[in-house]
Every structure is written in structure tokens, then in C-alpha cells.
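Take these sequences, add in the hints, and give me the full structure.
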Amino acid sequence: MANLEDWIIEQGLRGTNVGSLLAGLTERLVAEGMPLVRSYVALPTVNPTIRVYTHVWTRSAGMIVEGVSHERNAFAFDRSPFAYMMQTEQTSCYWLIDDPEARQFDVFDDVRREGGTDYLARLFSFENTSAPDLRGIGISFSSSRPEGFRPEEIARIDSLLPLLGLAAYRMTLFDLTVAMLDTYVGLSAGRRVLSGEIRRGFGTTITAALLFADLRGFTTLADTAGMDLIARLDQHLEAMADPVAEQGGEVLKFMGDGVLAAFPITEERSRESACAAAIQAAQTALDRNAAVNRLHAHETPLSLDIALHCGDVFYGNIGAAGRLDFTVIGPAVNEVSRMEALCNSLDCSVILSDSVASVSPVPVRSLGRHRLRGIAVERELFTFASLSSWTA
Numbered sequence: 001m002a003n004l005e006d007w008i009i010e011q012g013l014r015g016t017n018v019g020s021l022l023a024g025l026t027e028r029l030v031a032e033g034m035p036l037v038r039s040y041v042a043l044p045t046v047n048p049t050i051r052v053y054t055h056v057w058t059r060s061a062g063m064i065v066e067g068v069s070h071e072r073n074a075f076a077f078d079r080s081p082f083a084y085m086m087q088t089e090q091t092s093c094y095w096l097i098d099d100p101e102a103r104q105f106d107v108f109d110d111v112r113r114e115g116g117t118d119y120l121a122r123l124f125s126f127e128n129t130s131a132p133d134l135r136g137i138g139i140s141f142s143s144s145r146p147e148g149f150r151p152e153e154i155a156r157i158d159s160l161l162p163l164l165g166l167a168a169y170r171m172t173l174f175d176l177t178v179a180m181l182d183t184y185v186g187l188s189a190g191r192r193v194l195s196g197e198i199r200r201g202f203g204t205t206i207t208a209a210l211l212f213a214d215l216r217g218f219t220t221l222a223d224t225a226g227m228d229l230i231a232r233l234d235q236h237l238e239a240m241a242d243p244v245a246e247q248g249g250e251v252l253k254f255m256g257d258g259v260l261a262a263f264p265i266t267e268e269r270s271r272e273s274a275c276a277a278a279i280q281a282a283q284t285a286l287d288r289n290a291a292v293n294r295l296h297a298h299e300t301p302l303s304l305d306i307a308l309h310c311g312d313v314f315y316g317n318i319g320a321a322g323r324l325d326f327t328v329i330g331p332a333v334n335e336v337s338r339m340e341a342l343c344n345s346l347d348c349s350v351i352l353s354d355s356v357a358s359v360s361p362v363p364v365r366s367l368g369r370h371r372l373r374g375i376a377v378e379r380e381l382f383t384f385a386s387l388s389s390w391t392a
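Taking this note's numbering, I'd label the letters of the sequence shown as residues 1 to 392.
Calculated from the structure, these hints are not laboratory results. Using N, Cα and C, we set each Cβ at its ideal position, and we do this for glycine too. Among the hints, erroneous ones may be present.
[Stated by the list, open to error] Between beta-carbon pairs, the in silico distance windows are:
id : residue 1 : residue 2 : range
1  : G15       : S92       : 24 to 32 Å
2  : E114      : H296      : 42 to 50 Å
3  : T266      : R170      : 51 to 59 Å
4  : E89       : G217      : 51 to 59 Å
5  : P151      : N3        : 15 to 23 Å
6  : R269      : E152      : 54 to 62 Å
7  : T88       : P146      : 21 to 29 Å
8  : Y94       : P301      : 29 to 37 Å
9  : N17       : Q235      : 32 to 40 Å
10 : G15       : N334      : 39 to 47 Å
11 : R294      : R113      : 40 to 48 Å
Rendered as C-alpha cells:
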């Protein structure tokens, strides 16, 4: 059987997740005779909603992994041993749980409930990292021995921590890459890029229901409100984007005050299902956008215009040789954007093409035939028969 050092290296090379790595290490130390009741690794990340991922192994519950928000982390961190260590510029600390000094740390109550008697904490820094928020990790272990860890047990743990830190750092960088791609190019596109679809022109033709949404009047309002409008814009964009994800679609691009999203048709999702999902997302987006306007009742309301179309698009890499974008292009994309531009003149919030209207689960009415800019043939456009046609 490989020794513990070799096992850690192997897990790091395999890309095992940090939770499994910490649990495996802790359980192997217990098998060696070390009376561990709790182990912990905190890994900061670069994520718009998550500040740090905590990995806690306990004798009673096993491994629990949690993403802690920026707001919650700031509150909890201030009363943690690691905050104390950073403030006092220490990388290594050890407390017996019943020491008077230990009462300032809330986490020691959790350790005590697990039957722990002490707390061994280490901070590891990552030198020369290009991401300031990934400067290092916090690691701790607690035992159940009344007098605490023996010196040789602390030495054993310390001998393993550089390898644990290196393996965790490697895993963190991979997770960070996934998170950044998901955040900036989308879940599906991010997975494609990560799998190697990175060459210019590389992609595939897919059929999808497309949703194009745009705020009416935002440009005029922005000219007078300036940068103070950014926070409100984020609320409106969230009102558009979240319903897309909830219905299994993907936001392909934020374009100023607008959103382009797709609901791909696959073996698992029929055209009818994809179009129905786009319709439901549009309904929810309108409802939530109205809610945002109510939050800003004393400001100019921003109406939401939405166009829905279904067609073939090229889904892949376009751009310059050294600067690419993973998105969709094609006549269907042009058409849905031209449709949205008619919402104001046709006095309706939602416009559907025949390809969506023909399978709509709610009643629609014709808006007549209209010429779309840049498209030779007139298109018959539709909207919903009434707002009461929406399903909850």
C-alpha cells in the first residue's frame, strides 16, 4: 500500500475534489491511531456570489462542503482563528479549547460539540499567484485526547500539510477555471471551451428557441442618470437572466441593457418543449422586471421587450485569432433581434415568430406581416392573445 504522502500526490494528480482529499487524509490519519474528530480546509475563490468554500470533516457527519457568500463570510471570518492569525501575522497556532483565549472564537463551540479538545491551525500562502484573492488556504485539525495532540502527531500533520496545500491549490485552480468560464461565457459554452473547443471557427450548427430581451428607454435614462444606474441595471438583467436558467436555457450574452439566450433542441428536449420553456422564461422575466420597477417606484419605469424565435444557429468560436467569443450567429439571431426592435411600434411587450407561435401552449394573435430590417421576405408576427393567456 502506498504511503500517505504518495496517496496525497496521487489525488492531486488525479484532480480529486478537495472534500474527498481532506476526508481521505483525515480517515487515514485516524486509521494510524490519531484521535481526530474534526478537520477543515477553507479555500478562497473568485466567484461573483461565493467568497470561500469550506470543507469540514467531522467524526459524526463526515464531509460537508459549503460555499459561503461574500456578505456571510465577512461576518463569520472576523470571529475566526484565521482572522486572528492574519491580524497577528502568524501562520501557525494551537489552542486547547478550554483556554480562556479560545473563547473569542465561535467555531470552538462546534469543535467542543464534536468532542474535540484542541485546535491546530495553519495558514499556507500561495506565492506569486496572479489572483490576489487566492493568496492561500486555512487548514485545521482537532483531536479528542484530553491533553490534546501529542508533539509527534503535530509533527506528522505538519509534514503532510505542504503536500495537502499543493494538491488543494491545483484543484482550486481547476475549479476556478470552471467557475470563471461558467460566469463569463455560460455553462454549456464553458464546458465546451474547457473540453478543447478553442479554435476559431470550431463549433456546430444547432436548432434552438431564441430569446432576445431589451429594456425600453434605458439608453435615454442612462444619459441623465449616469453611472448611478448600474445597480438598477443589474437588477433588471437578473430579472431577465434567472428565468432563462430556471427553464433550462442559457444566457449567451449580455448586450448593454439586453440579453440573448438560447434553449437548444436536443434528443431530450423537443421543439415544443424548448419553445414552451422560452415562453415561460419570457413570462417570468416580465413579471420580475415589473417587480424591479416597483422597487424603484419613484424613478422612471423601464419596460421589457422580448422577442422569441426558433431556428438554426452556428454555436461556436468566432473572432480574431487571439481573441475569441463563444456564441451563436446566423440568420435566426439577426431575425430575433429585428423582431424585438418592433415591440415599441407594434405596442406589445412580446413578439413571437411563426416558428414559436405555431407550438405556443398559450393563445396567440397575429400582428400581421412585417418586413424586418435586412430580411427580404416579410414575416408574420404574433403576440399573446391577452396577458391573461400567461400560465403561472
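**OP:** Could you see if the CB distance from G15 to S92 stays within 24 to 32 Å?
**Re:** holds (29 Å)
Original post:
Lying within 32 to 40 Å: is that true of the beta-carbon distance N17 to Q235?
Top reply: At roughly 34 Å between Cβ atoms, Q235 and N17 fall inside 32 to 40 Å, so the hint holds.
Original post:
Per the hint of 39 to 47 Å, is the separation of the Cβ atoms of G15 and N334 within bounds?
Top reply: Check passed, 41 Å falls within 39 to 47 Å.
Original post:
Okay, E114 versus H296 on CB: inside 42 to 50 Å?
Top reply: holds (48 Å)
**OP:** For R269 and E152, compare the CB-CB distance with the range 54 to 62 Å and indicate the outcome.
**Re:** Given about 59 Å between the Cβ atoms, the range holds.
**OP:** Could you say whether the range 21 to 29 Å given as a hint is met by the Cβ separation of T88 and P146?
**Re:** Between T88 and P146, where Cβ atoms are some 27 Å apart, the hint holds.
Original post:
Between Y94 and P301, does the C-beta distance stay in 29 to 37 Å?
Top reply: violated (59 Å)
**OP:** Given the hint of 15 to 23 Å, check if P151 and N3 actually sit that far apart at their C-beta atoms.
**Re:** holds (21 Å)
Original post:
Regarding T266 and R170, is the given constraint of 51 to 59 Å on their beta-carbon distance met?
Top reply: violated (34 Å)
Original post:
Taking the beta carbons of R294 and R113, is their distance inside 40 to 48 Å?
Top reply: Holds, at about 44 Å.
**OP:** Could you say whether the range 51 to 59 Å given as a hint is met by the Cβ separation of E89 and G217?
**Re:** Given a distance of about 53 Å, which is inside 51 to 59 Å, the answer is holds.
Against the hints set out earlier in the document, violations occur for numbers 3, 8.
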